[in-house]
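The residues making up each chain are set out below.
Protein chains: 2
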Amino acid sequence: MMDIESEVKRIAEDARKASRKMAVLSSAEKDAALNNMARELTANEQVILEANRKDLSAAGEKGLSSAMIDRLALNTDRIEGMAQGLREVAALPDPVGDVPRMWKRPNGLRIGRMRVPIGVIGFIYESRPNVTVDAAGLCLKAGNVVILRGGSEAINSNTALAEILKKACVASEVPEESVQFINTTDRAAVMEMLKLDDQIDLIVTRGGPELVRIVTDNTRIPVISHDKCLCHIYVAEDADRALARKVVLNAKAQRPGVCNALETLLVHKTAAPDFLPEMASDFKSAGVEMRGCPLTREFIPDAGEASEEDWNSEYLDLIISIKVVEDMEEAYQHIDRYSSGLSEAIITTDYDKAMDFLNKVDSAAVYVNASTRFTDGGEFGLGAELGIGTGKLHARGPMGLEELTSYKYIIFGQGQIRE
Amino acid sequence: MMDIESEVKRIAEDARKASRKMAVLSSAEKDAALNNMARELTANEQVILEANRKDLSAAGEKGLSSAMIDRLALNTDRIEGMAQGLREVAALPDPVGDVPRMWKRPNGLRIGRMRVPIGVIGFIYESRPNVTVDAAGLCLKAGNVVILRGGSEAINSNTALAEILKKACVASEVPEESVQFINTTDRAAVMEMLKLDDQIDLIVTRGGPELVRIVTDNTRIPVISHDKCLCHIYVAEDADRALARKVVLNAKAQRPGVCNALETLLVHKTAAPDFLPEMASDFKSAGVEMRGCPLTREFIPDAGEASEEDWNSEYLDLIISIKVVEDMEEAYQHIDRYSSGLSEAIITTDYDKAMDFLNKVDSAAVYVNASTRFTDGGEFGLGAELGIGTGKLHARGPMGLEELTSYKYIIFGQGQIRE
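Residue numbers (the working numbering), protein chains in the order written: chain A, 1 to 419; chain B, 1 to 419.
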């Protein structure tokens with residue numbers, strides 16, 4: 001292998017050069033490349049599966065859990081799913097060149113705010129191989145060049161996928177260099193990427209808090225990261241009990257391993273006596289383990305004891321922590337202290353409480369009477385997403401095509417000068 | 001003086017607490033505080049002037065230039081100007097709570113994207129004392145708490161101003177802690193601020209490249225900074241010569257010390273023979289020193305020789321570098337290599353060239369037939385600005401009230417669950 005630092009630098013310089021071409025491509029040119037990519041993926045199924053088998057056998061040797069191995073495994077259906085994802089991105093409207101607002105100044109200048117690509121995006125992720133394809137497709141559609149840096153467990157699958165995507169570009173107007181892939185799992189490659197603030201405009205991470213910390217501690221490039229996710233639902237005293245049970249159960253148990261799943265249930269003390277025993281029976285039927293505050297345990301005797309660590313835990317599992325609160329103020333304080341600020345919901349029939357909750361809870365998505373499981377670009381109707389931003393700058397919540405753009409002001413004059 | 005680190009930490013914790021109150025204040029409550037601040041500034045003129053005299057005498061002892069001392073000096077008019085600025089910010093529409101878009105999903109969920117404050121903004125600046133007042137006013141209007149960290153040369157003026165602004169809050173619903181001021185010039189205070197990513201959501205800097213580098217190298221907090229500004233105007237072969245002369249002269253000489261002033265003029269080789277000698281006579285009348293490429297010096301014999309350093313120089317002075325180019329492609333390459341990406345203009349009568357330039361030049365503001373001097377929040381009709389962002393994330397170009405907000409999704413349901 002070449003010297004890693006100079007190889008990463010060369011990749012980033014190629015990316016920067018390609019980004020200038022990408023920025024001025026037409027929507028048709030980009031969509032043709034995306035559809036090419038989809039075709040090449042299905043045409044190269046055997047190559048992909050062979051590479052994937054290497055990852056699977058390495059995973060088996062390392063003793064990864066069967067759930068992890070299942071996430072890693074590709075098959076005909078999953079490859080077709082990736083291809084279909086690319087075709088769907090091709091069908092989405094092109095955000096680049098869109099001018100959502102244009103206005104005229106008293107001096108006659110016409111000023112518009114036009115969406116433009118961000119440029120070069122470094123994407124550092126630890127996920128299933130399909131993320132490689134999704135990320136390449138979304139970045140391309142928004143006119144960006146992506147530098148992909150996937151996790152070690154999927155290195156062979158990702159390398160094969162990236163090679164196919166690059167080759168698919170050759171037959172189109174999109175430069176081959178618009179999809180860059182770092183084919184080493186050596187951490188030195190990441191550290192070098194993080195230094196290249198002249199070439200890379202944005203780093204997006206998708207992985208655990210440790211990865212996020214390493215990235216933010218070692219770069220001056222702007223970072224959008226998906227940090228911890230700890231979601232709450234507050235059941236008010238006036239909540240429709242049946243609606244509350246249905247929504248809470250869905251938020252916790254429909255798919256507990258994802259970031260918009262419920263982790264902590266807060267219940268007003270007046271609702272607790274009748275609501276909690278019924279809710280507990282739903283949880284039991286769904287195999288959800290309960291851990292409660294002392295008051296909760298009065299109404300659910302077989303719930304475990306919730307510790308400070310529980311209020312801080314993103315279980316990502318069939319476990320829920322439950323707390324009975326004195327009033328909304330106590331619910332707000334709990335959310336403010338423990339929430340990761342992604343998704344929070346209130347269940348209430350009271351208009352003022354609903355509006356108060358929407359206004360006061362500072363999370364990326366705040367719900368009234370609905371499951372937190374909808375925090376997702378697709379479910380919001382925004383199209384596919386590169387990730388979820390847990391910070392407040394540029395992209396908060398789902399990072400879709402629009403959030404993959406920057407903007408510039410375009411100004412049409414007739415000789416205006418500043419007096 | 002107290003231990004600096006713990007003092008800065010206390011300030012940031014107070015700021016975080018206050019930010020929760022600020023986020024839910026009504027527009028009327030914030031506007032009342034802004035108008036109070038304006039009144040208190042004029043009422044305390046003598047206190048401000050006395051503090052300012054200390055800064056001026058220190059500046060004299062340090063041997064600062066008379067231009068610097070003039071920038072620092074306050075008087076009745078300038079204090080009234082600051083107060084007027086606050087009243088104008090009060091009169092602007094409140095960005096917080098604005099829902100620019102709301103849509104309905106097939107499952108009946110209504111999803112809106114609502115503007116909310118960012119939270120706590122650390123503002124690190126080296127500027128005239130009025131920036132202290134402008135920053136406090138803008139951040140307050142957008143529902144943010146600001147932690148002000150001004151330059152050492154204005155420490156006494158800034159301390160006095162911040163004290164008055166804080167006191168003005170006491171008589172309103174805005175918490176006194178919503179304007180925080182670090183009253184030491186010790187660099188340790190900045191270094192401590194940069195560590196507090198749990199308390200501070202965003203750092204905005206306004207100062208030289210050295211300051212920007214120190215900040216971005218030492219924090220994981222998102223940073224919006226105003227880096228170098230090097231603006232270009234390209235005069236095409238078909239440019240209206242009179243319009244070109246008027247616009248170029250304005251962009252260079254109307255106020256050369258500001259970031260949207262012209263630094264490098266690019267001229268198509270066909271326009272050069274008749275345009276450059278005329279332009280040179282305008283420059284000479286305005287006292288502008290010229291430094292040109294060899295071809296430029298054929299048409300302007302008394303121009304100096306431009307070196308590589310000139311193409312890289314933000315003069316901020318009555319000096320201009322001039323280059324004759326073969327074609328638009330060469331102009332693009334020059335801009336791409338040397339521009340800071342803030343403001344670029346083309347002078348042309350050709351429709352296709354105008355559109356090509358708007359599309360291909362990757363700067364925050366791209367002009368056709370107008371002076372670059374309009375890159376400014378007020379001139380764009382966006383209201384006052386906290387600074388100019390030279391990066392591409394979150395705020396590109398003028399950072400006004402809208403860019404001082406984040407957003408959250410508000411979701412109205414009737415029991416929707418994810419299937």
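Simulated from the structure, these hints should not be mistaken for laboratory data. Treat the hints with care, since some could be wrong.
Stretch by stretch, here's where chain B covers chain A in the computed footprint (C-beta under 8 Å, at least three residues) [claimed, not checked]: (1) 17-27; (2) 99-113; (3) 122-129; (4) 241-247; (5) 280-293.
Subject to a maximum C-alpha distance of 30 Å in a straight line, what follows is the list of computed DSSO-like cross-link-like pairs (lysine-lysine) [stated by the list, open to error]: (6) K54(B) <-> K17(A); (7) K284(A) <-> K62(A); (8) K228(A) <-> K353(B); (9) K269(A) <-> K21(B); (10) K269(B) <-> K228(B); (11) K360(A) <-> K104(B); (12) K353(B) <-> K17(A); (13) K353(A) <-> K104(B); (14) K104(B) <-> K246(B); (15) K17(B) <-> K167(A); (16) K228(B) <-> K167(B); (17) K166(B) <-> K9(A); (18) K269(B) <-> K228(A); (19) K54(B) <-> K195(A); (20) K21(B) <-> K21(A); (21) K195(A) <-> K167(B); (22) K195(B) <-> K17(B); (23) K284(B) <-> K353(A); (24) K228(B) <-> K17(B); (25) K228(A) <-> K62(B); (26) K269(A) <-> K284(B); (27) K9(B) <-> K166(B); (28) K166(A) <-> K228(A); (29) K166(A) <-> K21(A); (30) K360(B) <-> K21(A).
Note that beta-carbon positions come from the ideal geometry of N, C-alpha and C, so glycine has one too.
Hints and how they fare:
1. 17-27: holds (count 3)
2. 99-113: Holds, because 4 residues of the region 99-113 of chain A bring their Cβ atoms closer than 8 Å to Cβ atoms of chain B.
3. 122-129: violated (count 0)
4. 241-247: holds (count 3)
5. 280-293: Since 0 is below three, the answer is violated.
6. K54(B) <-> K17(A): violated (52 Å)
7. K284(A) <-> K62(A): Cα-Cα ~35 Å, so violated.
8. K228(A) <-> K353(B): At roughly 49 Å apart (the allowed maximum being 30 Å), K353(B) and K228(A) break the hint.
9. K269(A) <-> K21(B): holds (25 Å)
10. K269(B) <-> K228(B): Holds, at roughly 28 Å.
11. K360(A) <-> K104(B): holds (23 Å)
12. K353(B) <-> K17(A): holds (22 Å)
13. K353(A) <-> K104(B): OK: K353(A) and K104(B) at ~22 Å, within 30 Å.
14. K104(B) <-> K246(B): violated (51 Å)
15. K17(B) <-> K167(A): Violated, at about 54 Å.
16. K228(B) <-> K167(B): This hinted pair is violated, its Cα atoms lying about 36 Å apart.
17. K166(B) <-> K9(A): violated (49 Å)
18. K269(B) <-> K228(A): Distance ~58 Å between K269(B) and K228(A) Cα, so the pair is violated.
19. K54(B) <-> K195(A): Violated: K54(B) and K195(A) sit about 43 Å apart, past 30 Å.
20. K21(B) <-> K21(A): violated (47 Å)
21. K195(A) <-> K167(B): Roughly 44 Å separates the two Cα atoms, so the pair is violated.
22. K195(B) <-> K17(B): holds (18 Å)
23. K284(B) <-> K353(A): Not OK: K284(B) and K353(A) at ~69 Å, beyond 30 Å, violated.
24. K228(B) <-> K17(B): Outside the cut-off at roughly 35 Å; violated.
25. K228(A) <-> K62(B): violated (50 Å)
26. K269(A) <-> K284(B): violated (81 Å)
27. K9(B) <-> K166(B): holds (19 Å)
28. K166(A) <-> K228(A): violated (33 Å)
29. K166(A) <-> K21(A): OK: K166(A) and K21(A) at ~15 Å, within 30 Å.
30. K360(B) <-> K21(A): Distance of about 9 Å is within 30 Å: holds.
Checked against the numbered hints listed earlier, the structure breaks hints 3, 5, 6, 7, 8, 14, 15, 16, 17, 18, 19, 20, 21, 23, 24, 25, 26, 28; every other hint is satisfied.
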